[in-house]
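Spelled out, the chains give:
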Amino acid sequence: MPNFDAGSYFLTILAPIKEGDVPAEIRNRSGSWDARFRDAVEKTQAETAEGATDNGFVWDDEVSWKQRLRMVLATLPTALQSPATERIGVQSPFARNRRNHLCRFVVIDDVVYNGRVTAKPIIGGGGDPLVPQPVDHLPCSYLLFAADIDAVTEEGASLPAELTERQQGTVRDAYLTALWDSAEAEMRAVFENCTGFDEVDDAASFVRAIRRCQIETTMPFHDYYTRLPALPSLPFDFLKLLVLGPLAVFALALIIWLGGSALEVILNRDWNLEGAFWTMLAALGVTAATAAFSYNLALKQGNKPFPPPPDGDLTSVLKALYLQQHFSDFVVAQQGAGDKDLHKAFGTFLKEHKPEDRTGPTQKPGYVSARFPGAVNP
Amino acid sequence: MTRQLDLADIQGNIVRAYGRHNYPKARYFFLHIDDALAGRNFVEAVRHKVTTATRWNRDPEAIGKPGGAPAVTLNIGFTFFGLAALRLPTRTLQRMPEEFIDGMKSRAFILGDSLLELPEDDLTYGDYGTYDRVGLEKMRPPAPSFDDKWDPVWKNNNRGSDDAVHIWMSMNARVVPFTDTAVGALESQTQWLRDLCAKVGGVRILATNGANGDQEYQAASAVFDTVEGIGMVPTPREHFGFADGIGDPVFAGQLPAKEEADRVRGRGKWMNRKAGWEPLAPGEFLLGHPDEAQELPPTAAPHEFMRNGSFMAYRKLHQNVGSYRDYFAAEAQKFATVMDTPVDEAKVTLEAKVVGRWPDGVPLATHPTYAQWQDYRTHLGLNAEDPKAALAAMAHYRASAAINDFKYGNDITGIRCPSGSHLRRVNTRDYLDPLNDLNGANPDATTQLNKRRRILRRGLPYGDPTPNTGSDETEQGIAFMAICASLFRQFEFVQQQWIQYALDFNQGNNTCPLVGNHEVHKRHIIPADPKSGKPPYICDGLPQFVETRGGDYFFLPSMTALRMVAMGSIDPT
Numbered sequence: 000m001p002n003f004d005a006g007s008y009f010l011t012i013l014a015p016i017k018e019g020d021v022p023a024e025i026r027n028r029s030g031s032w033d034a035r036f037r038d039a040v041e042k043t044q045a046e047t048a049e050g051a052t053d054n055g056f057v058w059d060d061e062v063s064w065k066q067r068l069r070m071v072l073a074t075l076p077t078a079l080q081s082p083a084t085e086r087i088g089v090q091s092p093f094a095r096n097r098r099n100h101l102c103r104f105v106v107i108d109d110v111v112y113n114g115r116v117t118a119k120p121i122i123g124g125g126g127d128p129l130v131p132q133p134v135d136h137l138p139c140s141y142l143l144f145a146a147d148i149d150a151v152t153e154e155g156a157s158l159p160a161e162l163t164e165r166q167q168g169t170v171r172d173a174y175l176t177a178l179w180d181s182a183e184a185e186m187r188a189v190f191e192n193c194t195g196f197d198e199v200d201d202a203a204s205f206v207r208a209i210r211r212c213q214i215e216t217t218m219p220f221h222d223y224y225t226r227l228p229a230l231p232s233l234p235f236d237f238l239k240l241l242v243l244g245p246l247a248v249f250a251l252a253l254i255i256w257l258g259g260s261a262l263e264v265i266l267n268r269d270w271n272l273e274g275a276f277w278t279m280l281a282a283l284g285v286t287a288a289t290a291a292f293s294y295n296l297a298l299k300q301g302n303k304p305f306p307p308p309p310d311g312d313l314t315s316v317l318k319a320l321y322l323q324q325h326f327s328d329f330v331v332a333q334q335g336a337g338d339k340d341l342h343k344a345f346g347t348f349l350k351e352h353k354p355e356d357r358t359g360p361t362q363k364p365g366y367v368s369a370r371f372p373g374a375v376n377p
Numbered sequence: 000m001t002r003q004l005d006l007a008d009i010q011g012n013i014v015r016a017y018g019r020h021n022y023p024k025a026r027y028f029f030l031h032i033d034d035a036l037a038g039r040n041f042v043e044a045v046r047h048k049v050t051t052a053t054r055w056n057r058d059p060e061a062i063g064k065p066g067g068a069p070a071v072t073l074n075i076g077f078t079f080f081g082l083a084a085l086r087l088p089t090r091t092l093q094r095m096p097e098e099f100i101d102g103m104k105s106r107a108f109i110l111g112d113s114l115l116e117l118p119e120d121d122l123t124y125g126d127y128g129t130y131d132r133v134g135l136e137k138m139r140p141p142a143p144s145f146d147d148k149w150d151p152v153w154k155n156n157n158r159g160s161d162d163a164v165h166i167w168m169s170m171n172a173r174v175v176p177f178t179d180t181a182v183g184a185l186e187s188q189t190q191w192l193r194d195l196c197a198k199v200g201g202v203r204i205l206a207t208n209g210a211n212g213d214q215e216y217q218a219a220s221a222v223f224d225t226v227e228g229i230g231m232v233p234t235p236r237e238h239f240g241f242a243d244g245i246g247d248p249v250f251a252g253q254l255p256a257k258e259e260a261d262r263v264r265g266r267g268k269w270m271n272r273k274a275g276w277e278p279l280a281p282g283e284f285l286l287g288h289p290d291e292a293q294e295l296p297p298t299a300a301p302h303e304f305m306r307n308g309s310f311m312a313y314r315k316l317h318q319n320v321g322s323y324r325d326y327f328a329a330e331a332q333k334f335a336t337v338m339d340t341p342v343d344e345a346k347v348t349l350e351a352k353v354v355g356r357w358p359d360g361v362p363l364a365t366h367p368t369y370a371q372w373q374d375y376r377t378h379l380g381l382n383a384e385d386p387k388a389a390l391a392a393m394a395h396y397r398a399s400a401a402i403n404d405f406k407y408g409n410d411i412t413g414i415r416c417p418s419g420s421h422l423r424r425v426n427t428r429d430y431l432d433p434l435n436d437l438n439g440a441n442p443d444a445t446t447q448l449n450k451r452r453r454i455l456r457r458g459l460p461y462g463d464p465t466p467n468t469g470s471d472e473t474e475q476g477i478a479f480m481a482i483c484a485s486l487f488r489q490f491e492f493v494q495q496q497w498i499q500y501a502l503d504f505n506q507g508n509n510t511c512p513l514v515g516n517h518e519v520h521k522r523h524i525i526p527a528d529p530k531s532g533k534p535p536y537i538c539d540g541l542p543q544f545v546e547t548r549g550g551d552y553f554f555l556p557s558m559t560a561l562r563m564v565a566m567g568s569i570d571p572t
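First to last, the protein sequences are chains B and Z.
Quick note: the first sequence uses numbering that gives the first Met the number 0, first residue 0, plus one each step.
Quick note: the second sequence uses numbering that gives the first Met the number 0, first residue 0, plus one each step.
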């Protein structure tokens, strides 16, 4: 169940990328990604006096779906998170919603070829080196999309500690709907290169298509604990005793039964070893049962989600970033102020920045600093 | 057992900071190789004059004579494209470290010389139609390119250009006793270099140094004091008035055993209470020797070409003395009010809290308050009325281990020496020991996470040293050189992670208050002792105190390597 942990939902999808080339009629359709890209490049070149003629782009060249997907991803802007991206000033489409902490696209070409099965040079093994071994492949290339979001259906809601499978599905679908509603053009441009998305026409069909590609997230990553909460843990010493106790009884009974039987033959005696035999079998049964119980307990415990970090939702995080920056400014500005002035200024600060109101004023998603023009929501 | 270093094979500037060894005057030359054969002939002529690391006869009578200290030193280094111009084998060139191949200009983003990953000209403003655009170019006009203010010799230093810098040569000279005039041998050796270039042809001195590009070389000089009854004496001060070049690392084999035992304190690596300080492994500063990871770092082939060589970053660091003066004059008023101290005391305390040492070099780590510092000065005899006695006391203190023998394990919170100060950033000592507790002292903290990030600092100030005269526009600063086995792991790491960033010091994005880039991050936090009842103080609006005006990365070959270059016989197979 690691799709849900620490109040967050971790979505991982693998969408198969279409094989072959993009048909010309799709590339040339008005409003296609290719047409828009072409227009944008030509417009930019027209604006800059130099280099407007030979740009090196050949617009009617053939392009595979995979090449095109990579081009779309290459032009998908990141957030305004560095001086260079701030200067370019094109915001990431994922900054248009308020639940996305992190996401990434990766094109997975194929499995990595690791060479022949290793063999020890002296002992041998690994087969005849003159005979080629099979090389593993994926059936096709995949687009991986991974998103780390607040596990909520309403932006700004506080993070839940527990969610049923069904509730998790609702969270995922609400996010995907918000994504489609706020970034339909980008989602179309990316996913039309993938199999299973041709019929996608609205939020509902987009959600269905993505759901078909979802795989379980087995290694979620979360980094908002400033102080570790009480985490679920196993009574390990007790479990050890529970399993090793009967195992020891089994081992003892086994030795008595085997050793006794051997001595019977050697010394030509006849003992009643039935008790030892049945004890052995019973102990084995109990060991298996307690082992199974411990294993299940460990799995169950492992499936228990960690508690959500306090104020770990994006709305609170953004407000915290906003407040941290403004409070630093406040401290600097008030250095050396007298008690009365400081008290008054802090009153003004509280009125202006409303620390108790998480929704505003606050920093918008996708900005690294509140100082940036347009980064603050009043 | 300690292997003796082959000192005669190692260039002398690697083991000695000449400025501290009575060579307070320097000329740095930058040359271009037009022709490979001429270049090899040039190297052949130069190599016989190169100053090596051999120990000198210290008799003043022996100066300039065989076995004695030279009157003028000579050292040489090459950029990657300098080595390429000498037609080194491709197999040798292709295994050179990538930062060395890149050169300093391409690393401007990593070094914090530029805030942008690409030069401004290369940034595209593509408008991709459907995507949100904040429309910034009107709000934020493109900034001038980061190298606009660089000296012409560095601005024109581009790959493949006829003005690309290929060779660095340095000459450090003694002075006529008790004057600030270099001995005549400096000019005669300069003339020898000019004549040599004319003779071999195909190697040119790039005479475009200085802000106006009209200098044949970058001149540098220690700041001199006139001492009554003695004359002029060189000081270790830079243009902000602080003693510089104090805590250089010490590596095994660098110093005679007798000297090493004392010098290594505070300058080597701290092992544990019993072993104390030990010299760093030579491989941190010399290629072909085991380093602090107990590895032989991979280098280019052949081994004998790289062994006993090292890498060097040369940086011309301009000092905005006007901004420095104005900022601390204004900030001292505020600091004095908040801390309730006289303005004079506030000013020097504030500066010391930025630097990490008092102007005379006394570390805040050992004497954190103004009163303690003054008492210590009196104790050392630095406040003596007789200038000769004060000078002698200063020289004695600077040569003592006391100036360097300290750690930060007892000052994790930075109440004595602020965690973000210049000194704690460039040499973190034991501060980063993973077992340190953020709120408590750790007397057993070791320097494990610092010993792979050390650099040997060389160089001298340049420009008019008269105090309180210069402005941001006048030429003054430091011709700075950092020598280390890996520019990437040592110099660039310190520059990127510790000078231009402060996560390791729990100070967020704050940059070094002295030499950091202050374009965006302009704050420095001075923690206060809670017992004092005073609040911490935050310096805000730090202007740019230090600016890069050029520089590049150089390989400092061993004497064997110079001989191989000259012979054109480098066989990497």
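Calculated directly from the structure, the hints in this document are not laboratory data.
Heads up, some of the hints might be wrong.
[Claimed, not checked] Ranges of calculated distance between the beta carbons of each label pair, as one might list FRET restraints: (1) Z:P433 with B:A297: 41 to 51 angstroms; (2) B:E215 with Z:G540: 48 to 58 angstroms; (3) Z:P255 with B:G123: 56 to 66 angstroms; (4) Z:R562 with B:R37: 55 to 65 angstroms.
Each residue gets a CB set at the ideal place from its N, CA and C atoms; glycine is no exception.
That 41 to 51 angstroms hint for P433 (chain Z) and A297 (chain B) (C-beta), does it hold up?
-> The hinted range 41 to 51 angstroms is violated for P433 (chain Z) and A297 (chain B), with Cβ atoms some 30 angstroms apart.
Measuring from beta carbon to beta carbon, are P255 (chain Z) and G123 (chain B) in 56 to 66 angstroms?
-> holds, 58 angstroms
Does the Cβ distance between E215 (chain B) and G540 (chain Z) fall inside 48 to 58 angstroms?
-> holds, 52 angstroms
Do R562 (chain Z) and R37 (chain B) keep their Cβ atoms within the hinted range of 55 to 65 angstroms?
-> The hinted range 55 to 65 angstroms holds for R562 (chain Z) and R37 (chain B), with Cβ atoms some 60 angstroms apart.
Checked against the numbered hints given earlier, the structure breaks only hint 1 and satisfies all the rest.
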